[in-house]
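A.B. asks: One line per chain: the protein sequences are C and Y, in this order.
When we follow the numbering used here, the leftmost residue of the first sequence carries the number 1, and every step to the right adds one.
When we follow the numbering used here, the leftmost residue of the second sequence carries the number 1, and every step to the right adds one.
Note that these hints are calculated values from the structure, not bench results.
You may find that some hints are simply not true.
Examples of chain C residues lying across from chain Y (beta carbon under 10 Å, computed) [said to hold, decoys possible]:
#  : residue
1  : D2
2  : L8
3  : A11
4  : E14
5  : I49
6  : I72
7  : D88
8  : R90
9  : Y156
10 : I193
What follows is a set of in silico ranges between Cβ atoms, one per label pair, in the way DEER data are often shown [what the hints assert, rightly or not]:
#  : chain 1 : residue 1 : chain 2 : residue 2 : range
11 : C       : L42       : Y       : T152      : 46 to 52 Å
12 : C       : Y183      : Y       : I118      : 21 to 27 Å
13 : C       : Q100      : Y       : T152      : 52 to 58 Å
14 : Y       : P37       : C       : S121      : 14 to 20 Å
15 : C       : I69       : Y       : H43       : 27 to 33 Å
16 : C       : R24       : Y       : T68       : 36 to 42 Å
17 : C       : D116      : Y       : S169      : 18 to 24 Å
18 : C       : I171      : Y       : I118      : 48 to 54 Å
19 : Y       : G178      : C       : V129      : 58 to 64 Å
Covered stretches of chain C, as calculated for chain Y (at least 3 residues, CB under 8 Å) [as the list claims (entries may be wrong)]:
#  : stretch
20 : 32-43
21 : 60-71
22 : 92-105
Predicted, not measured: the structure shown is a model, and the values here were computed from it.
No residue lacks a Cβ here, since even glycine has one placed at the ideal position from N, Cα and C.
Number of protein chains: 2
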Amino acid sequence: MDFSSKLLEKAVEEMSQLPGIGKRTALRLVLHLLKQPEEQTLHLSKALIDLKTEVNFCKNCHNVSDHTICEICANANRDKAIVCVVEDVRDVMAIENTSQYKGVYHVLGGKISPMDGIGPSQLNIESLVQKVRAKEVDEIIFALSSTMEGDTTNFYIYRQIEGEGVVTSTIARGIGVGDELEYADEVTLGRSILHRIPFENSLKNS
Amino acid sequence: MDFSSKLLEKAVEEMSQLPGIGKRTALRLVLHLLKQPEEQTLHLSKALIDLKTEVNFCKNCHNVSDHTICEICANANRDKAIVCVVEDVRDVMAIENTSQYKGVYHVLGGKISPMDGIGPSQLNIESLVQKVRAKEVDEIIFALSSTMEGDTTNFYIYRQIEGEGVVTSTIARGIGVGDELEYADEVTLGRSILHRIPFENSLKNS
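Construct all of the structure, not just a fragment, from the sequences and the given hints.
C.D. replies: This is how it looks when you write it as structure tokens:
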């Protein structure tokens with residue numbers, strides 16, 4: 001692209017560093033900001049810088065938080081002995097939205113992915129293993145996405161904590177509530193049948 | 001969405017003000033920045049603020065520029081008597097990319113759109129009319145998108161400058177080069193036939 005302004009070019013370049021934002025989209029976003037009052041750009045920039053410089057990660061579960069211990073970990077009503085292992089903050093938000101979970105979380109910050117150069121040491125795995133070894137945990141629930149990387153990460157952690165007397169489980173995979181069987185992929189449908197549950201149990205939550 | 005951090009919520013809120021960026025996408029972008037080195041966020045914020053506070057709009061054509069007169073208007077080789085009327089900077093960049101145009105531009109900054117509350121006075125129309133009345137211009141080329149708003153804007157400007165002895169034209173509409181006739185919409189194909197050009201002329205640019 002041939003920019004008429006270096007300032008514009010620089011802004012587009014920085015904006016297009018964001019994932020999924022190409023040069024064209026970046027240009028559209030930047031030109032939008034140019035048309036808006038100056039406050040909008042200042043507020044956006046300030047919010048991003050504030051977040052980056054002031055945000056904390058919970059010492060306990062590594063969730064994004066304004067304090068050194070996040071609200072979930074600080075909540076006396078949450079069962080600290082049940083730990084749900086998730087990839088990032090979005091998964092915490094998604095599970096919290098269900099209002100079905102009363103334990104705490106452990107945010108890994110990613111999945112083991114040799115292709116992307118992410119090994120176990122770059123993730124928050126060691127602190128989870130320490131929690132288990134310190135006998136603070138009764139149950140670990142693996143809630144990573146069921147991809148090759150997710151399964152690898154689950155298994156890596158499992159090997160580290162097996163024999164420590166902790167119960168491990170993974171979230172149920174199956175046909176989504178309200179979904180038609182005929183449109184489900186075979187793997188999901190297969191797991192749905194394999195891991196069927198007693199009918200009475202299915203009546204508990206609705 | 002239920003955020004674990006006010007800072008995160010604020011950043012997502014500001015980011016989702018951008019057009020086409022929903023809350024989920026904003027969260028993804030913001031979490032990406034959180035994972036990256038602090039410099040990336042600082043550079044992005046600085047680039048946006050610099051652009052907003054320091055950028056100029058060319059006094060002559062209203063294009064985005066680092067100087068008071070843009071490079072195109074300042075170029076002695078460009079024909080100042082031919083003015084191509086476009087909506088915004090992206091259109092200038094698109095036409096410049098073709099290397100087929102040797103005149104100058106006039107950037108309106110939008111189209112007349114009563115639905116969005118944009119009237120003629122919010123656009124750079126007056127300065128264009130002044131240029132024409134000062135007899136600085138021989139030809140006006142309308143290159144707005146062919147929507148209801150584009151056509152309205154063209155016609156509004158046309159009414160202001162008719163009788164001033166300026167030649168007016170609009171860019172040709174037709175089937176794209178390399179496109180199959182069978183997939184073209186009827187309006188475009190219809191115009192293509194209606195505004196057919198002498199065969200010898202079609203051989204000039206290839």
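A.B. asks: It remains to establish, for every hint, whether it holds in the given structure.
C.D. replies: The hints, checked one at a time:
1. Because the beta carbon of C/D2 sits about 6 Å from the nearest beta carbon in chain Y, less than 10 Å, this interface hint is met.
2. Checking C/L8 against chain Y: minimum C-beta separation of about 5 Å stays under 10 Å; hint holds.
3. The beta carbon of C/A11 comes within 4 Å of a beta carbon in chain Y, closer than 10 Å, and the hint placing it at the interface holds.
4. At a threshold of 10 Å, the smallest CB-CB gap from C/E14 to chain Y is about 4 Å, leaving the interface hint in force.
5. Interface hint status for C/I49: upheld, as the beta-carbon distance to the closest one in chain Y is roughly 5 Å, under 10 Å.
6. Against a cut-off of 10 Å between C-beta atoms, the interface hint on C/I72 holds, since the closest Cβ of chain Y lies about 7 Å away.
7. Hint on C/D88 holds. Least Cβ distance to chain Y is approximately 6 Å, under the 10 Å limit.
8. For C/R90, the shortest C-beta to C-beta distance to chain Y is roughly 6 Å, which falls under 10 Å, so the interface hint holds.
9. With 10 Å as the threshold, the beta carbon of C/Y156 stays out of range of chain Y, its nearest partner Cβ sitting at about 20 Å, so the hint is violated.
10. Taking 10 Å as the C-beta cut-off, the interface hint given for C/I193 is violated, the closest approach to chain Y being about 32 Å.
11. Distance hint for C/L42 and Y/T152: a CB-CB separation of about 34 Å, inconsistent with the stated range 46 to 52 Å.
12. Range check, C/Y183 to Y/I118: about 44 Å between beta-carbon atoms, so the 21 to 27 Å window is missed.
13. For the hinted restraint 52 to 58 Å between C/Q100 and Y/T152, the CB-CB distance of approximately 54 Å keeps it satisfied.
14. Range check, Y/P37 to C/S121: about 18 Å between beta-carbon atoms, so the 14 to 20 Å window is met.
15. At roughly 32 Å, the beta-carbon separation of C/I69 and Y/H43 lies within the given 27 to 33 Å, and the hint holds.
16. At roughly 28 Å, the beta carbons of C/R24 and Y/T68 sit outside the given window of 36 to 42 Å.
17. Taking 18 to 24 Å as the suggested C-beta distance range, the pair C/D116 and Y/S169 does not conform, at roughly 53 Å.
18. Between C/I171 and Y/I118 the beta carbon distance is about 50 Å. The supplied range of 48 to 54 Å therefore holds.
19. Checking the proposed 58 to 64 Å range against Y/G178 and C/V129 shows it holds: the Cβ atoms sit about 59 Å from each other.
20. Using a Cβ-Cβ cut-off of 8 Å, 9 residues of the stretch 32-43 of chain C lie near chain Y, which meets the minimum of three, so the contact claim holds.
21. Check on the stretch 60-71 of chain C: 6 of its residues sit with their Cβ under 8 Å from a Cβ of chain Y, so the three-residue criterion for coverage holds.
22. Counting residues of the stretch 92-105 of chain C whose beta carbon lies closer than 8 Å to any beta carbon of chain Y gives 4, which meets the minimum of three for the stated coverage.
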